[in-house]
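So the sequence lines, in the order shown, correspond to chains F and U.
Per numbering that gives the first Met the number 0, the first sequence starts with residue 0, numbered consecutively.
Per numbering that gives the first Met the number 0, the second sequence starts with residue 0, numbered consecutively.
Do not take every clue at face value.
Remember, identical chains collapse to one label, so a pair may be satisfied in a single copy or spanning two.
As the list claims (entries may be wrong) - In silico SDA-like pairs for lysine to any residue, Cα to Cα no more than 25 Å straight-line:
id: 1; residue 1: Lys-237; residue 2: Phe-169
id: 2; residue 1: Lys-382; residue 2: Tyr-370
id: 3; residue 1: Lys-237; residue 2: Phe-338
id: 4; residue 1: Lys-143; residue 2: Val-315
id: 5; residue 1: Lys-175; residue 2: Phe-338
id: 6; residue 1: Lys-341; residue 2: Thr-164
id: 7; residue 1: Lys-382; residue 2: Leu-411
id: 8; residue 1: Lys-237; residue 2: Phe-174
id: 9; residue 1: Lys-341; residue 2: Tyr-90
id: 10; residue 1: Lys-171; residue 2: His-181
id: 11; residue 1: Lys-382; residue 2: His-137
Simulated from the structure, these hints should not be mistaken for laboratory data.
Below, each chain spelled out in residue letters.
There are 2 protein chains.
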Amino acid sequence: MEVRNRNLLAKAEPDTVVTNNVQSEKDGKSGISRMWDSLAPKWKNWWVRAVFAFTMIAIFVLTIQLGPFGLSLLVFLVQLKAIQEIVSISYQKYIQQNLPQNLPLFRSLNWYFVFVVSYYSYGLTIQHLFDEFDDRSHINQLFKSYHLFISFFLYMVGFIVFVLTLKKGFYKIQFKLYGWAHLAIMLFMTLGHFILQSVVSSIYWFILPICTVICNDIFAYIFGFFLGRTPLISLSPKKTWEGFIGGMVVTILFVFFFSAYLAQFPTMVCPISSQVSAFPYTLNCTPSDVFTPTYYTLSQLDTGVYLYPCQLHALVFAVFGSLIAPFGGFFASGFKRAFKLKDFDDLIPGHGGVIDRFDCQFLMASFVYVYMITFLPQTDLEKLTRMLLDLPTEDQLLIHSRLSSNLNSLGLL
Amino acid sequence: MEVRNRNLLAKAEPDTVVTNNVQSEKDGKSGISRMWDSLAPKWKNWWVRAVFAFTMIAIFVLTIQLGPFGLSLLVFLVQLKAIQEIVSISYQKYIQQNLPQNLPLFRSLNWYFVFVVSYYSYGLTIQHLFDEFDDRSHINQLFKSYHLFISFFLYMVGFIVFVLTLKKGFYKIQFKLYGWAHLAIMLFMTLGHFILQSVVSSIYWFILPICTVICNDIFAYIFGFFLGRTPLISLSPKKTWEGFIGGMVVTILFVFFFSAYLAQFPTMVCPISSQVSAFPYTLNCTPSDVFTPTYYTLSQLDTGVYLYPCQLHALVFAVFGSLIAPFGGFFASGFKRAFKLKDFDDLIPGHGGVIDRFDCQFLMASFVYVYMITFLPQTDLEKLTRMLLDLPTEDQLLIHSRLSSNLNSLGLL
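Bound-form chain F, shown alone (with noise of 0.2 Å):
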């Protein structure tokens, strides 16, 4: 209805344009500009919306050519980000007040806790990264074998100064930014972690659930501001029931022939355990079970299809994608109004701040890790077999026999 009218109100007022656009040629504007110019709020809204998310797939697509570890810094700017965001509301009330000056250390100690946790989740990773270029190095191998301690001692560092530098008077904002900032920490760098874990098992797992949910954001926007007429939930009042039946009927449709075409590559397929590829990114690999095509016979009808079992997977996550992600899109909404924020930030024009933009991708990110942990469980061999070699003798003799009895009483040794 709201389209209509405002498409209603350009045609009927056609001075009004005219107008427009000769006060623009008076500015010696071009005539793109003045196109611009010409459209409703709506239609603005809406190109500059699409030009954005275009750049971001663009962006997206070509840090997939990194690979593993452009994914992963990408995954570890947009948390910082969507860290700084968060931390960024619950100062804003107190630089009103005119009262951080007289905080000690009111930013850097929340900064120096985002850095400790960093510290703590990327730290052993990018260690790994050391080990092939120098696998005995001395100093690599201390800072492995202390790593937790290394992290829990940095982070007492950081809460004695935060109990130091209490402040009279102050206690209750220091103990709200403390925990405030902490919450930030904790949920978004846990969400990062489950996002890095399937880059590791492999990129396919990374990049379904993302395309899954964009796709997802997309056709619900495209439907919504198109058809869009039954609002849907009160906390969001620009989403319709159009939009997220829409969305979630082409979801699937997208996903399950997506998920088929992007499964022949093994450079998504393939698992990436510790190894480290030059640009552009390229693996190989016997693809597993759940990458290879299989035929499925429909008993009722008499005949069958080949699916690569990736494919129902990957179903799962387009139900889940278009039914329960966009609550993480309605609890960053509901968050938003209970601070009077319009975005979480501008960082992307037309979308907002990251939160803003991937809050549905977070959950999908979740629910991801989840899945794959209890459905498509992967045993990283070189890490176990790591761990079994540095046992003691007399474990690793134990372990071998009673592998052994087991192999022996399957006759497979």
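Using the hints provided, position chain U relative to the given structure of chain F.
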């Protein structure tokens, strides 16, 4: 100074005391009751604290007799109480504003999240206990295989209900309560997990740190009470340098000898694995190296001494427990001041709530967890074996051949 003044006051005004006594006799009070009434408030507090300190120690010692199961239950109850204490602070403010009547599922949702996280962190352990009785029960296996998935699903139900019950005008309150509850749940559930890891490895590493902090608490209080005159930190005006240092000296001495004493009992030092034991708790094993007296040569003195290696680890705990763990207490004090609370609760007369009593224990527990993982890692060979035998046979064969070649190269096969 304060102590003396109060005593002087009591002695200098005998008339008042006598008058009080006469008053008491008229009320028909007994001799002890009269003595109690005549005590200065500080001494009353001292006696209440002492009696309930001993009560708590008694409960603790009795629970030890119940073995790991009883201790886990105790830890769980303490966790629940601590979460309740924090969560109810956030309620208090809104209850005063008469808002909660209008808020749907005000408390239920928070307790639902507590339930979900408890199920997640304790569920697997409890299901392993069931294995003792029936290893092949289908439903139990189902719950075990899908544990993470079920937990996630349960959490999502709570999350969606939260979003759907968001009520206009209450957004900010609802999000604040949600965040507050999540901080409390995550904090205490993580700490509980740390503590239980020590219980499982052996009761020794659970009891020793707890006794370290208890010892430090008691002697810091006693030294502060009798000798304290130099204030330590403005957050806790009752704490003094004399108490801090006195507590530390006694704790280091106590822990050095107590750690050797405890190391003699198999019940203390044997790993628990998944055994369930009857009351009273018994266990037998060959103690590991850390619990076996070792000869340490002191090269400079040209002599040596027999020590349990665990005594040296215990000294590290003593230093942390008396130097760093008190910051947990300062943090809690600051928090109470920030939210204008005297105590977190009045559960334990003279001591306050569970958090008041265990503030330093929580910090100690995290340290012990990190320390154990770093310096005294234990491999659960049973769990490792189970994991290996669950692998696909080709993976088992691969692992077997790698183990064989390693043991061959060491000349052990």
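Checked hints:
1. Lys-237 to Phe-169: between (40 Å within a copy, 21 Å between copies)
2. Lys-382 to Tyr-370: both (22 Å within a copy, 23 Å between copies)
3. Lys-237 to Phe-338: within (19 Å within a copy, 39 Å between copies)
4. Lys-143 to Val-315: between (38 Å within a copy, 22 Å between copies)
5. Lys-175 to Phe-338: Classified as both: same-chain Cα gap 15 Å, cross-chain 10 Å, threshold 25 Å.
6. Lys-341 to Thr-164: between (34 Å within a copy, 21 Å between copies)
7. Lys-382 to Leu-411: both (24 Å within a copy, 23 Å between copies)
8. Lys-237 to Phe-174: between (36 Å within a copy, 21 Å between copies)
9. Lys-341 to Tyr-90: within (17 Å within a copy, 28 Å between copies)
10. Lys-171 to His-181: both (15 Å within a copy, 19 Å between copies)
11. Lys-382 to His-137: within (20 Å within a copy, 31 Å between copies)
Figure legend: structure checked against the earlier numbered hints; every hint is met.
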